[in-house]
Structures are given as C-alpha cells and as structure tokens.
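Number of protein chains: 2
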Amino acid sequence: MSAVGSQAGGAFTPPAEYVEALTELVVGIGANIQPGQVVGITMQAGQEAITRAVAEAAYARGAKYVDVWLFDVYLKHSRLKHADRDTLDYVPRWVRERMLQLGEMNAARISFQGPPAPTLMDDIDTDRLGLDMMPRLRESIEVTMKQQTNWTIVPWPNQDWATMVHPDLPEADAYKKLWEEIAYVCRLNEENPTAAWEARLKTLEDSAARLTEMRLDALHFVGPGTDLTVGLLPSSRWMAGRMDTVKGIEYCANLPTEEVFTAPDPDRADGYVRATKPLLIPGSARIEGLTVRFEGGRAVELNADKGAEILRGMAARDDGACRLGEVALVDRESRIGQSGTVFSDILLDENSASHIALGSAYPFSVESAQDKARANVSQIHIDFMIGSSEVAVDGLRADGSAVPLLRDGVWQV
Amino acid sequence: MSAVGSQAGGAFTPPAEYVEALTELVVGIGANIQPGQVVGITMQAGQEAITRAVAEAAYARGAKYVDVWLFDVYLKHSRLKHADRDTLDYVPRWVRERMLQLGEMNAARISFQGPPAPTLMDDIDTDRLGLDMMPRLRESIEVTMKQQTNWTIVPWPNQDWATMVHPDLPEADAYKKLWEEIAYVCRLNEENPTAAWEARLKTLEDSAARLTEMRLDALHFVGPGTDLTVGLLPSSRWMAGRMDTVKGIEYCANLPTEEVFTAPDPDRADGYVRATKPLLIPGSARIEGLTVRFEGGRAVELNADKGAEILRGMAARDDGACRLGEVALVDRESRIGQSGTVFSDILLDENSASHIALGSAYPFSVESAQDKARANVSQIHIDFMIGSSEVAVDGLRADGSAVPLLRDGVWQV
Numbered sequence: 001m002s003a004v005g006s007q008a009g010g011a012f013t014p015p016a017e018y019v020e021a022l023t024e025l026v027v028g029i030g031a032n033i034q035p036g037q038v039v040g041i042t043m044q045a046g047q048e049a050i051t052r053a054v055a056e057a058a059y060a061r062g063a064k065y066v067d068v069w070l071f072d073v074y075l076k077h078s079r080l081k082h083a084d085r086d087t088l089d090y091v092p093r094w095v096r097e098r099m100l101q102l103g104e105m106n107a108a109r110i111s112f113q114g115p116p117a118p119t120l121m122d123d124i125d126t127d128r129l130g131l132d133m134m135p136r137l138r139e140s141i142e143v144t145m146k147q148q149t150n151w152t153i154v155p156w157p158n159q160d161w162a163t164m165v166h167p168d169l170p171e172a173d174a175y176k177k178l179w180e181e182i183a184y185v186c187r188l189n190e191e192n193p194t195a196a197w198e199a200r201l202k203t204l205e206d207s208a209a210r211l212t213e214m215r216l217d218a219l220h221f222v223g224p225g226t227d228l229t230v231g232l233l234p235s236s237r238w239m240a241g242r243m244d245t246v247k248g249i250e251y252c253a254n255l256p257t258e259e260v261f262t263a264p265d266p267d268r269a270d271g272y273v274r275a276t277k278p279l280l281i282p283g284s285a286r287i288e289g290l291t292v293r294f295e296g297g298r299a300v301e302l303n304a305d306k307g308a309e310i311l312r313g314m315a316a317r318d319d320g321a322c323r324l325g326e327v328a329l330v331d332r333e334s335r336i337g338q339s340g341t342v343f344s345d346i347l348l349d350e351n352s353a354s355h356i357a358l359g360s361a362y363p364f365s366v367e368s369a370q371d372k373a374r375a376n377v378s379q380i381h382i383d384f385m386i387g388s389s390e391v392a393v394d395g396l397r398a399d400g401s402a403v404p405l406l407r408d409g410v411w412q413v
Numbered sequence: 001m002s003a004v005g006s007q008a009g010g011a012f013t014p015p016a017e018y019v020e021a022l023t024e025l026v027v028g029i030g031a032n033i034q035p036g037q038v039v040g041i042t043m044q045a046g047q048e049a050i051t052r053a054v055a056e057a058a059y060a061r062g063a064k065y066v067d068v069w070l071f072d073v074y075l076k077h078s079r080l081k082h083a084d085r086d087t088l089d090y091v092p093r094w095v096r097e098r099m100l101q102l103g104e105m106n107a108a109r110i111s112f113q114g115p116p117a118p119t120l121m122d123d124i125d126t127d128r129l130g131l132d133m134m135p136r137l138r139e140s141i142e143v144t145m146k147q148q149t150n151w152t153i154v155p156w157p158n159q160d161w162a163t164m165v166h167p168d169l170p171e172a173d174a175y176k177k178l179w180e181e182i183a184y185v186c187r188l189n190e191e192n193p194t195a196a197w198e199a200r201l202k203t204l205e206d207s208a209a210r211l212t213e214m215r216l217d218a219l220h221f222v223g224p225g226t227d228l229t230v231g232l233l234p235s236s237r238w239m240a241g242r243m244d245t246v247k248g249i250e251y252c253a254n255l256p257t258e259e260v261f262t263a264p265d266p267d268r269a270d271g272y273v274r275a276t277k278p279l280l281i282p283g284s285a286r287i288e289g290l291t292v293r294f295e296g297g298r299a300v301e302l303n304a305d306k307g308a309e310i311l312r313g314m315a316a317r318d319d320g321a322c323r324l325g326e327v328a329l330v331d332r333e334s335r336i337g338q339s340g341t342v343f344s345d346i347l348l349d350e351n352s353a354s355h356i357a358l359g360s361a362y363p364f365s366v367e368s369a370q371d372k373a374r375a376n377v378s379q380i381h382i383d384f385m386i387g388s389s390e391v392a393v394d395g396l397r398a399d400g401s402a403v404p405l406l407r408d409g410v411w412q413v
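Chains as they are written, first to last, in my numbering: chain B, 1 to 413; chain P, 1 to 413.
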C-alpha cells in the first residue's frame, strides 16, 4: 500500500504522525464511530491511504462494516463530455438507496475533502455542468437534516489541489506546504489534537450560546459591495462544534470547524452582497466574483465573473434553492482565516470567513416546531463567503436597535 | 491521471497501445457496450487508469451511465482482522440491490482481474477467511445465469501480482514481463486484436459444435492422481467464445478465453482428481495441492496442502456447492497454456488447462427444459484446473464405448 494515493505524487510524503492524528480525529471526536455501526465512506481516487487507515481504525473500534462509495471526477468528465444531455441528472437507484439505508440504520458517514483536478471541467459546456450534481445527492441532505447519522468531513491534500493553492511553488514544495497548512488548521501539530479540538469547540459552543440568548431579529452585513440584511426566525438557535444524532451520538461534522451558524428566515433577506472568496463546486466549476441581490428572501440576481450559469442552474433546481438556509459568523481567531490562504475548498474556506448558504436549513438550528416548519427546504446547500475584516456585522433587535457583533473580525459581544 | 494506478508502481509503464487495445476489446468484442446502456464496473485500487479509459470509451459509444463499485482487499483485511465473526457474511442491502438492478435494466458489466497483495491475508485465521465472500455476490451468479447482462472480465497487471508470478526478477522487470505475457495471451500485440479474437473465437465455437454433436454420456479424465468420470446431461451443450443476453446482445465474457465448456450431470461424478495448478480465491486464500474425491456427484473429500478449510467452507455453503456445475476442455493451442506461466489467477489459469467447477451451472449450457431444471444451482462457482499434457481425456458414449478427446493436449476429434 502506497503511503499516498495515485493523485498525490510529488517527492513529499505526508508524515505518518499527521496521518495517524487525522485518522484518530476522524473516528474519534469527528464521526465518533460506535461499536456495531456500519460506516459509509465517500472516497475519491488518491484517497486510498486515508480511507484504509480510517477503515482499520473504525473496525478496531468495533465497526460492523465499512462501505466505500467511489466518486471519480474523471468518470464524471467523460460523462459530461459524451452522454445525452437528457440523462445527465440520472442517478442510479442503488446510489440513492445506499444513502437512505445508511440513514435508516443510523450509520456513521465519512468523507474526505480535496478538490481533484480543478481545471478538468474547463472543456465542458457550462450549461451541461450543473445538470450532473454528483457526488451531491438530495438523499444525503435528507439524511443529514434528519440527524440520522454521525458524520464528519476532513481535508486530505492531493497534488492537484496543492498546485492550485500554491501555483508559484515547485510541485513537491506546494504539496508539502499544503500539508503543513492542513496540519496547522486541523491542529494535527498539537501534542494532543483531540484535546486541542475539545478546547476550541468549547469556545465556539460558548459563542453560539451567547448569540442564541440575544434573540436577534436579523443580521446586517455592511462592507465593500455588500449591504445585506438577513432576517432570523423567532427561535433561531446558534450552533457550533458538536451535534447529536437522533440516537444521541455526539459528533463533529466538520474538522476543522471555526463557525457559529443558524437558520435564517427564508422570507427575509434583502439587499446585495459580494462574495469575498471564490467558490469551488466539487466536480463542477469555480465561481469567481459572485454578487447576489436578494429581495424578500429570494436571490433575484446572481452574477459572477465566472461560473454564474452553474450557480443559477443550481438555484433554480427547486423552490428553496434560491433562498437562504444558513447564516454563519467566523471571527479572526480562526486558524484558517489567520493562514491567509484561499484553499478553494468549501470545508476550509467557509471556516475562514462569515458566510451564507443557498438551500436547505439544518432543522436543529431552530427550536420551535413552528419555525422548523418555516426553515428553508431544498435539494441543495451551497455556502459562499461574504465576510472579511472589512465587513461589519451587526445584530438587529426586534425594536430596530443595532448591536455590533463583528468589527475587523473581532467579536464585540 | 497517472498512467498506472497506485498499486502498480515500478519503473515500467504499460505501453499506451496495449492499454488502448485492451480498452477497445473490453467495450467492443468483450462487453459490447450498447448506446443507452448503464455500465457497472467492479474496480480495485490500482485499476484507475483502465477504469477511466473504459468509461471514456463506453460513454463515447453512447453509454448512459458508468457506475463503479470499489472493492478493496485492504479494507477486507481490516474487517477480517477485527469484526465480529457473526457479522463476516454481512453484505449491505444496497450492494445486493445494485447487482439485481443492473440485471433488471439489462446493463453491461465489466471487471478487471489481477490479484492484489496476494499474501495480505496470511495473518487471518483460515476459519474466518471463507465467511466473507466479497467481492463475490450470490446476486451476480443469479444475474449471470439469467443472461440479463452483457459482461466481460479482462486482466490488468499490478506490481504485487507481477512479483508473485515472477519472484526471481527485479520488481520493474517482473512487472514488464507480466505485461508482455498479458499482451501476448490477450492478443494485444496483434495488428488487429479484434480480428485476431474473432478468428480464435470461431475455432473454439467450431470445436464446441463438434462436441455437442457427439452427444457424449460422460467424460473420463486419467492421469497422475486423477481417475475421474463426469457424467453429462442428455442435452448438455458445449459452449465457447461468445454468448447472447436475453436481449440478444452478443458478448465475450472472458478475454482471454481458450475453453470449451458445458454443464455436467450434478448427480454423476465419481472417482478422484488432483488439481494441476494452484487456485487463488480473490481476497481469500491460495489453495495448493488440492485433491478431491467424488461419489455420486458429491465432493465427499476435499484435501489440500494449503487452504483446504477455505474450500471446504465454500463447498458447504449450500446444497449445490459440493457438486459440479461446469466441465471445460482446453487444448494446447491455448496461448496461456503455451506460455507455461502459472498466473495464479483464475481468469488466466482456467484457460491454460481443462477444469471443473464446484457450484452453479450456466443454464444456457444445456438445451432441454428438463435438463435446465437438473443443472446444478449454488451461490458459488469455483473453477479448478485438472488438465495437463499428462491427463488423457476420453468421451464415453451411452453404450460405454470410449472416444479419445485429448491426448498430450491435442484434440483427437
């Protein structure tokens, strides 16, 4: 077994202690694998080493079966190049059923982030690109929203990604640098990464609790190209760090995580916003220079320097796809924000800056049954970054008065 | 995309013209992919390059969707090492459903042969090994027997396999030599590999037709350690080369193929037989020095120098698992037999020598409805080689008279 997968390449080999620490975070504080659980892994080519390490650790913790679903972006490229347009939204029934069955059996779910071959789709017509949503499945949104599974996503560097993030470095150096950055933001370089995450998660959970107590009516973002008010629901609950499944298993869905987030009122978003980072939709496209105008909760204008059609296609997929399902705040204590690196990967970039998401809301981020019924529903959930040190964030109370929340990336509360 | 997968390694890169020729055989004369078909591929780590090439060629021929199921022997090893014994026969429902759905939709199916990491399972208790049958699925036997899908299996060399076959050569040389052997036996080195296979398949199909016309009552194998009579059914039909699906799509299930085969009478096998080659059960074990005694069609004694327990476990899986479902004759025109190499891979080795199989019969290798009802049924189908230049094969007529069929590997009819 090679230490790195087929796409990793380069002369640099990930230090074994980092791979070991990441594996321990995945099966431990991340997905929190339970004895007797089935574990569903989504894997891409080049992720063999971490998949095998995680499977070994999962079985050692008592997992019943580790099931791998392979998603390969090269196969998707061949499909988008040749297949009939009318078939591009086809998903085999068993692929959908796998996800639903993982939910029904309260399985654990794991995936590894790291965009492979970022320029591969450049020769595909943009009007075809948005039609094949895989590896996204509407069933995974459903399973996630029902809190059926304990799940986590962690990054796993590959050479293509490293070269995209650090185009000016020689290949092996870029790969080494990306690994060092990932080790830093994932706290793999701490003496006890699990303890380091427990401390950080506690801080985030405390911030979320303070925001929930304020019972804000709305958030107001103001900065270059941005003047946006996002309404909240009466019982919007701010979340951070760990969550529980319906079976009471605590897990941490993203590692790293640096955000506090809640579900907005899908009928109240007004104004305009300019994305502060590019957005990479895995297996589809890179969206740059995104600007969005909202009216009464709906994204009524979606423009971009690049990739606007893709996002417009996704936002038209269903009724909820053009409304907000999440608003998240990230302060400058985030190691990802501190690194200054644009990773062009949503797991990392969304934790570098405040962001909003088109599409489905997490029902557990509202408290009342009435608000759960109002929170946004969609097949999609697409985060994009709107925060920076230049964007001020205020909380608005029901009486219209404002409370400063973030200035220059620093918490004011 | 790397030219060879993560397990391939070595300094030798498979010549692009061989990969191209193999790809063309797979989607052409092999699986014969039709426009609009779904294509199910079973892939192992290290087979990314051929999987992507085949997917591209399949989509170019009009395939609707190419679905990959990853089987990884390292994950299986972790499972066998740690998981509860009682769970080792667990197969997720969606894995079974995938196979059944491929059958129902008359999909194409493709897999690549090449044993990875042949010694990986050496530290697993042999009594656990036979419990996890994957990647074998009883559903794939069912789909195959119903002729629902056009399918093919081809070899794809990897470094571990090359090192096992040629342990005395340096790694890269072993890998290069295995590739040259595969190119020879798959006729990739011919100017027109498809035309070369069409000619060879015609010869095999003619031999099969001659044998069917003889309406033999039984076959008699005599050689060192072997004196075995295998009864045939009244309408046993000898098959070779190409077959048709229920939808009338012609395909060639194995490339290379050098055998003519039929379904025996499951109640009439008597005598003893010594395997002439080792048998590698993928993801389980290597069975060496196998001897079997049959009585009234049943394998009543199964012994081996190594791995007997595995085979005994499989032969006890159901009522048909200890009876014969196939008898096949291979003459010395076989390029595989000529190469003199023991590939320790069933796709190749079964085409080097005459063989029999425990388990399910191919219903299309008998003609009458009455015989179809009598042909053997089982979840397993395990071929093992019993032929060599020292084993004489006679046909026995209903009146008891003998007709020499093979002497010193040469057809006598």
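I should point out that these hints are in silico values taken from the structure, not numbers from a laboratory. Small disclaimer: the values here were computed from a predicted structure and weren't measured. Among the clues, some could well be false.
The list makes no distinction among identical chains, and a pair is therefore deemed to hold if it is satisfied within one copy or across any two copies.
Only pairs whose alpha carbons sit at most 20 Å apart, straight line, appear in this in silico SDA-like list of lysine to any residue [what the hints assert, rightly or not]:
hint, residue 1, residue 2
1, LYS81, ALA57
2, LYS81, GLY36
3, LYS306, THR126
4, LYS81, GLU24
5, LYS146, ASP394
6, LYS146, ALA57
7, LYS146, ARG237
8, LYS247, GLN101
9, LYS81, ARG61
10, LYS372, ASP217
11, LYS81, PRO35
How the hints compare with the structure:
1. In this homomeric assembly, LYS81 and ALA57 come within 20 Å of each other (Cα to Cα) only across copies, at 11 Å, whereas the closest approach inside a single copy is 39 Å.
2. In this assembly of identical chains, the alpha carbons of LYS81 and GLY36 lie at most 20 Å apart only when taken from different copies (15 Å versus 42 Å within one copy).
3. Taking the shortest alpha-carbon separations for LYS306 and THR126, only the intra-copy value of 10 Å comes in at or below 20 Å, while the best inter-copy value is 58 Å.
4. In this assembly of identical chains, LYS81 and GLU24 lie within 20 Å of each other by CA distance solely across copies; the values are 19 Å between and 40 Å within a copy.
5. For the identical chains of this complex, LYS146 and ASP394 are neighbours neither inside a copy (31 Å) nor across copies (67 Å), given an alpha-carbon limit of 20 Å.
6. Neither within a single protomer nor between protomers do LYS146 and ALA57 lie at most 20 Å apart by alpha-carbon distance, with minima of 27 Å and 40 Å respectively.
7. For the identical chains of this complex, LYS146 and ARG237 are intra-copy neighbours only, at 17 Å inside a copy versus 56 Å across copies, given an alpha-carbon limit of 20 Å.
8. Proximity of LYS247 and GLN101 under a CA criterion of 20 Å is satisfied intra-copy only: 16 Å inside one chain copy versus 32 Å between copies.
9. Only between protomers do LYS81 and ARG61 lie at most 20 Å apart by alpha-carbon distance; the minimum there is 12 Å, versus 43 Å within a single protomer.
10. When the C-alpha separation of LYS372 and ASP217 is checked against a cutoff of 20 Å, the pair qualifies only within one copy, where the shortest distance is 16 Å, while the shortest distance between copies is 74 Å.
11. Taking identical chains as interchangeable, the C-alpha atoms of LYS81 and PRO35 lie at most 20 Å apart only when they sit on different chains, with a minimum of 15 Å there against 44 Å within one chain.
In this structure, the earlier hints numbered 5 and 6 are contradicted, and the remaining ones agree with it.
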